[in-house]
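Participant: Sequence:
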Amino acid sequence: MSYDNVVSRLGDFGPYQRKIYFLLCLPAILCAFQKMGNVFLVAEPNYRCRLPGELENASYHLNDSTLSTFYPKDKRDKYSSCDRIVDGKIEKCDSYIFDDTVYGYTSVIEYELTCSKAYLIATSNAIFMVGVMLGSIGFGEMSDRCGRKKTFFISIVLLLISGLVAAIAPELWSFTFARLMVGACTSGVFLVAYVIGLEMVGPSKRFIAGTVCQLFFSLGYMLVAVFAIYIHNWRWLQFALTIPGVVFLFYWWLIPESARWLLTKDRNAEAKKLIQTAAKYNKVMISDETLDELLVSAKPKDSTTTSIFHVFKYPNMRKKTLIIFFDWFVNNLTYYGLSWNSNNLGGDPYLNFVILGAVEIPGYSILLLFLNRWGRTKLMCCCMMIAGIALLLTIAVPANKQWLTITLAMIGKLSITASYGAVYILSTEQFPTVVRNAGLGAGSTMARFGSILAPYINALSHVWVPLPLLVFGSASLVGGLMSLVLPETLNKKLPETMEEGELFGKKKRKKEIEIDFETVNKVPNAAENGGVEDRLVQNGVS
Numbered sequence: 231m232s233y234d235n236v237v238s239r240l241g242d243f244g245p246y247q248r249k250i251y252f253l254l255c256l257p258a259i260l261c262a263f264q265k266m267g268n269v270f271l272v273a274e275p276n277y278r279c280r281l282p283g284e285l286e287n288a289s290y291h292l293n294d295s296t297l298s299t300f301y302p303k304d305k306r307d308k309y310s311s312c313d314r315i316v317d318g319k320i321e322k323c324d325s326y327i328f329d330d331t332v333y334g335y336t337s338v339i340e341y342e343l344t345c346s347k348a349y350l351i352a353t354s355n356a357i358f359m360v361g362v363m364l365g366s367i368g369f370g371e372m373s374d375r376c377g378r379k380k381t382f383f384i385s386i387v388l389l390l391i392s393g394l395v396a397a398i399a400p401e402l403w404s405f406t407f408a409r410l411m412v413g414a415c416t417s418g419v420f421l422v423a424y425v426i427g428l429e430m431v432g433p434s435k436r437f438i439a440g441t442v443c444q445l446f447f448s449l450g451y452m453l454v455a456v457f458a459i460y461i462h463n464w465r466w467l468q469f470a471l472t473i474p475g476v477v478f479l480f481y482w483w484l485i486p487e488s489a490r491w492l493l494t495k496d497r498n499a500e501a502k503k504l505i506q507t508a509a510k511y512n513k514v515m516i517s518d519e520t521l522d523e524l525l526v527s528a529k530p531k532d533s534t535t536t537s538i539f540h541v542f543k544y545p546n547m548r549k550k551t552l553i554i555f556f557d558w559f560v561n562n563l564t565y566y567g568l569s570w571n572s573n574n575l576g577g578d579p580y581l582n583f584v585i586l587g588a589v590e591i592p593g594y595s596i597l598l599l600f601l602n603r604w605g606r607t608k609l610m611c612c613c614m615m616i617a618g619i620a621l622l623l624t625i626a627v628p629a630n631k632q633w634l635t636i637t638l639a640m641i642g643k644l645s646i647t648a649s650y651g652a653v654y655i656l657s658t659e660q661f662p663t664v665v666r667n668a669g670l671g672a673g674s675t676m677a678r679f680g681s682i683l684a685p686y687i688n689a690l691s692h693v694w695v696p697l698p699l700l701v702f703g704s705a706s707l708v709g710g711l712m713s714l715v716l717p718e719t720l721n722k723k724l725p726e727t728m729e730e731g732e733l734f735g736k737k738k739r740k741k742e743i744e745i746d747f748e749t750v751n752k753v754p755n756a757a758e759n760g761g762v763e764d765r766l767v768q769n770g771v772s
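In short: position in the sequence shown from 1, add 230, done, that's this note's numbering.
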C-alpha cells in the first residue's frame, strides 16, 4: 500500500486539494515574469554611430542622403551600425544613438552592449539559464532534506532580494549575477510548488494537475508584454516583475507541508494532523485507527537505487536514453529559442510575444485531449516533426510576407509546447523504476543545456535573420524522426529492473518469439499468470 491510498480516501482532487492547488499554481505566474522578462529587459534596439558634433539625445532616424554620406554598407547591404565615415575614411564608433521608440530604455542601452560587445546580450541570457539549472539541482536537494514548505519560502525571499538587486545593479556583471540568482530562485519556487501540488493529488488527476499548472505559466508569459508596454525603463520593469512576489510571503500561513515528505522523515504526527485537516475540509470521515493503519502501510520503504550511468551498459537502454536526452535538449532549445526570438520575427514584437504565449494554451490542450488516446511516442514525434517542418518552411517565405513567417513560427511554438509536455511523461515511463528519478533529473539537466544555448542561436540572426528558426526547425525534425524508434508506453507494464528496461520495446526475431510462446504455453495455468500476451509484453515483445 502507498500514500496514494490515503489520498484516495480523502478524494483524489477534493475541495481541500483544489484550494491549495490553486494557490500553488499562482507562483508559476511570477516565475514566468522572470523567465520571460529577459525579452524586454535585455532587448536590443536599433542603433547607429553618433556623428561628430551630434547631441547624445539626437534622433535615431536620419534621411537617406545623410545615411549614404556618413555610413558605409555592411555585408548584408545595410547601413552599418558599428562604423561611420569621417573625412572619407571608415572608422569604428566611439558612441551610439539608440532607437528607444520600440522598447524604451533597456539595459542594452545603459550598458552599451553594441557591436563588439553585442555577444554579451546572449551571454547574459545564457547565464540566467545557468542559474535556472543550478537552482533546479540545489533547491531540489534542499526540498528533499529540509522540506518543501521551507524551501519554497527561502526561494521566494531570495527571489525578491535578487530581483530588486537586479533592478538597481550599477553595471552589467552585477546585473547578470543578480539575474543568475533570480533564475535559480525561479526553479526553487516553481518546482517546489509543483511538487507540493502533485503530492497531494491522487493518481487519476495527477497528469491533469501537472498540465494545468503550466497554463498559469503561460498566463504569466502573456502578462509580461502588458508590463513592458506600459513600463519603458528596464529598471522599473524589473522592479514591477519582482514585487508581486511579496504576496507569496503570506503562503507561510496558507500552504501546508507535504504529508508525503513528512512520512519520509518519520514525522507521522504532523502528517496525521494535515490529513485530518484535509479530511475535515473535504467532509470525509477517517477514524484515527484507520488513519494510523494507512500511514504505517504508506510509509516509504528503503529501496536500492541504481545510478543513471548504469543504463549505458545495456545497448537498447543506451539507445533509448540518448534519444530521450536529445529530445529534452531540443524541446528546451526550441521552446526558449522561439520565446526569446519574438523581436526578430518582424511586425509588432509585443503582439508576437503575446501570441507566442497564447498558443501554449492549445498546445497544452492537445496534451490533455490526446496523450491518453494517441500515446506518448506518437504524439511527441508528431508534434516535434510538425514544429520542425513549420520552422524550416520559413526559409521559403518572401520578405514582404512577414505575417506568414509569424504564423509558421506560432505553429512551431504550439507544437513544441505540446511536445515538451509529452517528453516529460514519456521519459518518466521509459526508465525502469530503479533509475526513474535519476533519469528524469538527467533529462531535465540536458534540457537546461538547450536553454543555455538558445540565446546564442538567436544571436545568429545578425548573420542571417531566418537562421535561428532554421536551426530550431532542423533540431526538432531530427529529434522527432529519431524518436520514432522509442517504444510506446501507453497502457504498458512499465519496467521495474534494469533487465526489464533493456527488454522493454526491444524487437525480437520471429524465432525468438516462437520460443517465448512455447515457453509460456508449458507453464501451468498460464492464463492465471497473465496469459501469453501479457507475458510477451512484459518481455518486450509487442
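FYI, nobody ran anything at the bench for these hints, they're computed from the structure.
Treat the hints with caution; some may be incorrect.
[Said to hold, decoys possible] As a list, the in silico BS3-like pairs of lysine-lysine whose alpha-carbon atoms are at most 25 Å apart:
1. K631 / K608
2. K249 / K502
3. K305 / K631
4. K322 / K435
5. K503 / K379
[To be verified] Estimated spans, in silico, between C-beta atoms of each pair:
6. R375 / T675: 16 to 22 Å
7. K308 / I591: 33 to 39 Å
8. N630 / W403: 58 to 64 Å
9. G577 / H462: 18 to 24 Å
10. P400 / G577: 32 to 38 Å
In this text, all values refer to a predicted model and were calculated from it rather than measured experimentally.
Beta carbons are placed, not taken as given, at the ideal position from N, Cα and C, and that holds for glycine.
Participant: All hints are to be evaluated individually against the structure, with a verdict given for each.
Facilitator: Hint by hint, here is what the structure shows:
1. K631 / K608: violated, 33 Å
2. K249 / K502: holds, 19 Å
3. K305 / K631: holds, 23 Å
4. K322 / K435: Roughly 61 Å between the alpha carbons, so the hint for K322 and K435 is violated.
5. K503 / K379: It holds: about 16 Å lies between the C-alpha atoms, which stays within 25 Å.
6. R375 / T675: 16 to 22 Å: holds, 19 Å
7. K308 / I591: 33 to 39 Å: This hint holds: roughly 37 Å between Cβ atoms.
8. N630 / W403: 58 to 64 Å: violated, 42 Å
9. G577 / H462: 18 to 24 Å: Holds: the Cβ-Cβ distance is about 20 Å, inside 18 to 24 Å.
10. P400 / G577: 32 to 38 Å: holds, 35 Å
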